[in-house]
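Protein chains in written order, with my numbering: chain A, 36 to 431; chain B, 48 to 259.
No lab work stands behind these hints: they were computed from the structure.
Incorrect hints may appear among the rest.
[What the hints assert, rightly or not] Which residues of chain B face chain A? A few of them, derived with a C-beta cut under 10 Å, are:
| id | residue |
| --- | --- |
| 1 | Arg-100 |
| 2 | Ile-152 |
| 3 | Lys-166 |
| 4 | Leu-222 |
Glycine included, every Cβ here is placed at the ideal spot set by N, Cα and C.
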Amino acid sequence: MVLDQDLVRHLSESSVSVELQTEEMTLNIGPQHPSTHGVLRLVARVDGERAFDVQPVIGYMHRGYEKLSEVRTYPQITTLVNRIDWVSGYANEVPFIVAAEKLLGIEVPERAQFIRLILCELARISSHLIFMASYPLELGAATPLFFALRERERVLDLLEGVTGGRFHPNFNRIGGVKPAYGSGSSTRKVIQDLPAGFLAETRDAMDKVMEAVDELEQLVADNEIILARTKGIGILPPEVAASYGVSGPNIRASGVKFDLRKVEDYLPYHLFDFDIPVGENGDCWDRWHVRLLEIRQSVRIVQQAIDGIPSGPLQAKVPKVIKVPQGETYVRAENPKGEMGYYLVSNGNQGPYRLKIRSASFSNISILPWILEGVLVPDIIAIMGSLDFVLGDVDR
Amino acid sequence: MTSSPSETETAAEAVEAPTVHPLQEYADRVAAAVEGTATITFDTVKVEVPADRWVSALTTARDDLGLVFFSWLSAVDWASDVQVGDPFPGEVDDRFEVLATLSDISEGRRVTFTTTLSKETPSIASLVEVFAGANWHEREAYEMFGIDFEGHPNLIHLYLPDAFQGNPLRKSFPLLSREVKPWPGTVDVEAMPGSDDEEEPADGPTEENPEA
Chain A
36 MVLDQDLVRH LSESSVSVEL QTEEMTLNIG PQHPSTHGVL RLVARVDGER AFDVQPVIGY
96 MHRGYEKLSE VRTYPQITTL VNRIDWVSGY ANEVPFIVAA EKLLGIEVPE RAQFIRLILC
156 ELARISSHLI FMASYPLELG AATPLFFALR ERERVLDLLE GVTGGRFHPN FNRIGGVKPA
216 YGSGSSTRKV IQDLPAGFLA ETRDAMDKVM EAVDELEQLV ADNEIILART KGIGILPPEV
276 AASYGVSGPN IRASGVKFDL RKVEDYLPYH LFDFDIPVGE NGDCWDRWHV RLLEIRQSVR
336 IVQQAIDGIP SGPLQAKVPK VIKVPQGETY VRAENPKGEM GYYLVSNGNQ GPYRLKIRSA
396 SFSNISILPW ILEGVLVPDI IAIMGSLDFV LGDVDR
Chain B
48 MTSSPSETET AAEAVEAPTV HPLQEYADRV AAAVEGTATI TFDTVKVEVP ADRWVSALTT
108 ARDDLGLVFF SWLSAVDWAS DVQVGDPFPG EVDDRFEVLA TLSDISEGRR VTFTTTLSKE
168 TPSIASLVEV FAGANWHERE AYEMFGIDFE GHPNLIHLYL PDAFQGNPLR KSFPLLSREV
228 KPWPGTVDVE AMPGSDDEEE PADGPTEENP EA
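Whenever a hint applies, use it, and build me the whole structure from the sequences.
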């Protein structure tokens, strides 16, 4: 007798599911969980190994920056905004400062713009390296962490050498970058330029980062367990990503060639030759791979910027007390996590009337209820990690 | 902003003619499509539509203008009575302004749509059916400004505890820490190097005493 194979499979599956029919339960993840990059809580309904109706609970990190900025002056707000996404603090400052400069009508000197651009790309490299370290770790591979963090330290040393801060540089000023350190007589009228040897050290560091990226690619891309856990998991179609406002590497992994560095003019990216890596399937694997490729592109940009950095002043002439003229504008930038923007309403005083902060991770994780619907419980961590969010950037 | 070739050719005439913003044509096209009024404020295209056509206007923007990317939604509290920060100079027409920025994902064009709500009944139809991402943004605007989004599936607090009273981003909501102690930072303004009003250092090297 020949058995119908389809029928056999069908029968065995149904018997298994009858045996394992379990009571629905509610699974609580967080708010303290190593894979949540901060304090995020997920409440999911779990039926067997499948999760349904996942509801993120956020707000544990809410610091009320939008309200606070209404009672602060523009220079003071830079210290607030670089604490939004703390793994790329420098990049958060730039769109805010550019928005204020736009209302003031200040033309920033070219050298200052190049320095901003180099530091923004270093921030992107360090942010993506954190992802390269943490994501395989969340999937159970500890080794890439050491490779990635070693290189990240190299990049942070460069950032620290210029700005004095590893995470919170507070290096931008309206009209340029930070002027003389201190205000004593010996440094008077001397503007702090890049530290001696910075450009040469950066060039060396970039070569080393490139080597490490190759190593990381071998370590992770040839690892069958990681491939099995990420390929085809957490697929995000481009139209869904756009309607949720998912931006940055996450939407590019879904095959959308959308990079604000190519379309906005907040920094002179049009002078540089670089590609926008995109993924094919929009799964966890593509989100990892796009970030890896982006590190290489950032290295390319930094190398070109070092070759082409013009000389000149670091600061445009600005008044001692900065009063921004009335007006409103929205300035957005391609931050490591995605679109970061500031809608600035000025009433002509020393601080904004209203500052709306559009942060990338907020929109990026608003996709969680959609993308986690019906996935296996172990995949929750794989998918969440692949979105690369920071809770400071979610809660603001 | 780069100028278009036609503008550079007629550079001599352009001095006399009022300069047209490079985004003006696009702003007019968007305004015509959604039947709103367009303004360009510091390179930001703003299109105002009446509150009762909010959802239909943004649906048109998504379907006909390719503005498929939902960037953000928020509000501005225009108030004459201001508890925190500095008020707007002059007469302010008390109202809420709801703003939503959409973008396309090919050329990177963006438009900020805006509409006006009254302070007494701040209520507007929800965008969740058009842009799924509006869900959290509307919840944030609901708790921070007290704006009601009709048809929102889950209009509850997003950041704030459930029992929290008040709408913190309203201008009438005081910032308690500021009430208790004035912020000392305003007196702590550092002089910019090279600025004219920078004071001469008292202990620096002078002609009389170069060794100081």
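Violating hint indices (sorted, rising) = Structure breaks hints 1, 3.
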